[in-house]
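Okay, here's what each chain looks like letter by letter:
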Amino acid sequence: MGLKNWFKESFPVDTVALITLTSEPIPNHLKRWWWGLGGTPLFMFIIQILTGLMLIFYYVPDPDKAYQSVEYITYTSKFGWLIRSIHRWASNIMIAALLLHMLRVFFTRTYRRPRELNWMFGVTLLLLTLFFGFTGYSLVYEQMSYWAMKVGTGIAGATPFIGPWLADFIRGGSEIGQNTLTRFFLFHIALLPFITLLFVGLHLYLIRTLGVSELKFPGDEKAKKKTYPLFPDHVYTEIIVVTLILILLVSLSLLFPAGLGEPADPSVTPLHIKPEWYFFPVFRWLKITNLNVGVLGPIIFIFLLYAWPFIDRLFEKKFPGKEITFWIGIAGFLTIMVFLVWEIFGH
Amino acid sequence: MATSLTTKRTIIGIASIVLLAVLVIALWKETQRQMPNFKPDPIMDAGTKHCISCHSEKGVGKVIAEQWKESKHAEVGVGCLECHKAEEGDVDAFDHEGDLIATIVTPKDCGRCHMDEVEQFTSSHHADAGMIMGSLDNVLAEVVEGHTAFNNGANPAAASGCWQCHGSKVALLMDSEGNPVKDDKGILKFDPKTWPNTGIGRVNLDGSKGSCAACHNRHHFSVAQVRQPENCGKCHMGPDHPQIEIYNESKHGINYHAHREKMNLDEKPWIVGEDYIAAPTCATCHMSATPDMPITHDVGDRISWTLRPAVSQKIDASTLAKYKASGEAVPEDFLTWEDRRSNMQNVCKQCHTKAYLENFYVQYDNEVNLYNEKYGIPATDIMKAMKANGMLTSMNFDEKIEWTYFLLWHHEGRRARMGAAMMGPDYTQWHGNFEVAERMYTEFIPELKEMIVEAKVHRHASEAREVEAMLTTLLNSEMHQWYIGKMDPEEVKKRKEESAKFRERYSTD
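Going down the list, the sequences are from chains W and C.
Using numbering that gives the first Met the number 0, read the first sequence as starting at 0 and increasing by one per residue.
Using numbering that gives the first Met the number 0, read the second sequence as starting at 0 and increasing by one per residue.
Source of the hints: derived by calculation from the structure; they are not laboratory data.
Some hints here could point you the wrong way.
The calculated lysine to aspartate or glutamate pairs, modelled on DMTMM-like cross-linking and capped at a C-alpha distance of 20 angstroms, are [unchecked claim]:
hint	chain 1	residue 1	chain 2	residue 2
1	W	Lys64	C	Glu81
2	C	Lys267	W	Glu70
3	W	Lys77	C	Glu74
4	W	Lys77	C	Asp40
5	C	Lys107	C	Glu118
6	C	Lys38	W	Glu70
7	C	Lys107	W	Glu261
8	C	Lys321	C	Glu337
9	C	Lys493	C	Glu503
10	C	Lys48	C	Glu81
11	C	Lys348	C	Glu273
12	W	Lys64	C	Glu337
13	C	Lys188	C	Asp89
14	C	Lys383	C	Glu273
15	C	Lys71	W	Glu261
16	C	Lys267	W	Glu261
17	C	Lys28	W	Glu70
18	W	Lys77	C	Glu337
19	C	Lys267	W	Glu23
Could you put together the complete structure from these sequences and hints?
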């Protein structure tokens, strides 16, 4: 028995199923370049896993050593600056791509039946990614990290009913310290990746089983076929997107490498605390409301996001053809943008 | 828009080449980074860019801007305004190109980031170095050497001398109506009698004490510069406190100069025994970290004797006396002289055995006690008695014996003690003990005898007798009786025997 046969016997592959899997017909509208936003966060997630694994080689989740270890990664270890910068930029691009992907899904209303559950999985993935970002920049343990943890866990503490318990659970006690850092580290490198992988799997499974929603664009009627093959046509597109993103990531890391602020000091409150840009709208909202209303706002917003496919159906039934949900979406989007810009330029 | 497969393949090819190019740039950057003496590009925000561009173009402070670019501050984005920005209401604040700034950066400013360092420094003796104003040393500079009314109080002997190390009390330049003076660009001017000054105990306008720039030279803020002994030698040198000369004479200094290139002075955190083994510097013993002791910016944390005054005391003695007098409880974290000595021994033990350093401290204590008991205490007691009974005027330095006494403790006495503390044998012996003895026996005692005779003649017999009795007791004491021919016969015999052995050993007559 030759090596080839031995391998075939030891590792049987259903070639028919493989061909079917890679020959999935793709709707024509996906030929448009800007339709790759769903795949981008997935690719970013893979990048994050790879760079994250490399960062763990040197990172020490100890309040006395965390900052020093990040300093070592950034300024001393070989290619540490590049790996950390790519990790940081990829997190930003991942969140930006996710938000754009959700906007596309929202305004093309592809969350409608039978894809309501997949939209909800998507919302969950967005929340998980935001939590990734929060725990990630907390691990640096610079001043902004510490005070972001302080503010973040304080906000969690104001959640109705479960607030104090939730804050204590996240912090691992009543104060930020070793327990908090250990937990954030565990969330960031184990718990969140595991749950995210689970939801990514579910999201992809539903895309494959329910199929991609077909959209019609002017000119599509002329095409003889409604679909085109996954391989090589769509795979080429993905390769191009992935390569361009890699160029972007390395270029951004070269031009704007991840820096380091002052080390965390619980006794000195910085003059201005600013979270990462993706929390700007919530941060501004919290600034203009009291803590209880401030916390309630995002909770209601998240609930509405989850329930949106059903709310949309309700509006459609009551006011057919009026596109009310579209205008609500525009109003919501503009409000978030105003809060974002306000926080960028405001004090 | 649909794209053909051929076009896609071409795009993939071009994108792959571009990706390869950026990866090569990243590789090149990493290679550069690994080069010795590599300095990353400075991180400048808009404010710093504005300062640098203007100062570079106009050539005002161009060099310090360039120095800053090479600093660690530039590497981590601590720019001009991070240190020079002022708050509304600061007495030295002025508007400059749209920003409220102050010229002098004080420990309060540095403490915005370096909290621990500033806290430790502020509680140190270094921060109190400005307290010299009004002391004996300062009378010398202001009255004896100089003149307080010279050139409208310019006081050059103090301003260019003492205060450059000890620190001045910074003041703004005021006009005749008492308003701060500004130049044609709106920059606040300082009183030249008090600034430029980077004395370590400078009294600043914001109420803070000291100047971090006394040791951390602007604008490189190089750790290597601050760790080298020459840095401390700016002030710790000369006839009255020749620490740098003693260090250079010691084995510590010899090793430093021989192996300077192996000191890794740029290393962080620079732990003795881990980051360097060649030699200790001043910083090593008095400030820097050991494997089990953190760095301190309180230079008194490892000192057990105070070698500065006429009579040495254990370093905690005066503070403990204050607590005792006020009835206030001694704080739990108060460092006793034993704690401080133990801290210093923590450094010593990185190179020396326990037995070695225990014996060293016996030798050191013995030298300090010898100076105290043989010279410092009796001379000081006699001077105090003469001040009290009127044989000396209340004015210092108007009588010869006051100069003699000052040189005995302030110069030679310190040299003997400091030489022993830092293992500079020549400073302990020829620049120290020998000169103390010479001063005592050939000047202080003869001058004292003359004063006693003169006082008797000028009808101050009782005062003269009081001091004469003190001198007689002193000269008849065990340590001084040789001087009046009353050496213990046993000791005379022993000396003769030793002398005979010496002649026999070297076959000399």
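The hints, checked one at a time:
Pair hint lysine 64(W) plus glutamate 81(C) does not hold up; C-alpha atoms about 25 angstroms apart against a cutoff of 20 angstroms. Distance restraint check for lysine 267(C) and glutamate 70(W): the Cα-Cα separation of roughly 11 angstroms lies within the 20 angstroms cut-off, and the hinted pair is therefore satisfied. Restraint check: the Cα-Cα separation between lysine 77(W) and glutamate 74(C) comes to about 18 angstroms, which is no more than 20 angstroms; the hinted pair holds. Using a Cα cut-off of 20 angstroms, the hinted pair lysine 77(W) and aspartate 40(C) holds, with the two alpha carbons roughly 18 angstroms apart.
Restraint check: the Cα-Cα separation between lysine 107(C) and glutamate 118(C) comes to about 10 angstroms, which is no more than 20 angstroms; the hinted pair holds. Distance restraint check for lysine 38(C) and glutamate 70(W): the Cα-Cα separation of roughly 15 angstroms lies within the 20 angstroms cut-off, and the hinted pair is therefore satisfied. Restraint check: the Cα-Cα separation between lysine 107(C) and glutamate 261(W) comes to about 17 angstroms, which is no more than 20 angstroms; the hinted pair holds. Only pairs whose Cα atoms come within 20 angstroms are accepted, and lysine 321(C) paired with glutamate 337(C) is accepted, the gap being roughly 18 angstroms.
In summary, the hint linking lysine 493(C) to glutamate 503(C) is supported, as the alpha carbons are separated by about 15 angstroms, within the 20 angstroms threshold. With a C-alpha separation of about 13 angstroms, the suggested pair lysine 48(C) and glutamate 81(C) falls inside the 20 angstroms cut-off, and the hint holds. For the suggested pair lysine 348(C) and glutamate 273(C), the alpha carbons sit about 14 angstroms apart, so the restraint of at most 20 angstroms is met. At roughly 31 angstroms between alpha-carbon atoms, lysine 64(W) and glutamate 337(C) are farther apart than 20 angstroms, so this suggested pair is violated.
With a C-alpha separation of about 14 angstroms, the suggested pairing of lysine 188(C) with aspartate 89(C) holds against the 20 angstroms cut-off. Between lysine 383(C) and glutamate 273(C) the CA atoms are separated by roughly 51 angstroms; this puts the pair beyond 20 angstroms, and the hint is violated. Distance check on the hinted pair: lysine 71(C) and glutamate 261(W) sit about 13 angstroms apart at the alpha-carbon level, within 20 angstroms; holds. A distance of roughly 16 angstroms separates the Cα atoms of lysine 267(C) and glutamate 261(W); the hinted pair therefore holds under the 20 angstroms criterion.
Between lysine 28(C) and glutamate 70(W), the direct Cα distance comes to roughly 18 angstroms. Compliance with the 20 angstroms bound is thereby established for this hinted pair. Pair hint lysine 77(W) plus glutamate 337(C) does not hold up; C-alpha atoms about 45 angstroms apart against a cutoff of 20 angstroms. Taking the CA atoms of lysine 267(C) and glutamate 23(W), the gap is near 57 angstroms; set against the 20 angstroms cutoff, the hint is violated.
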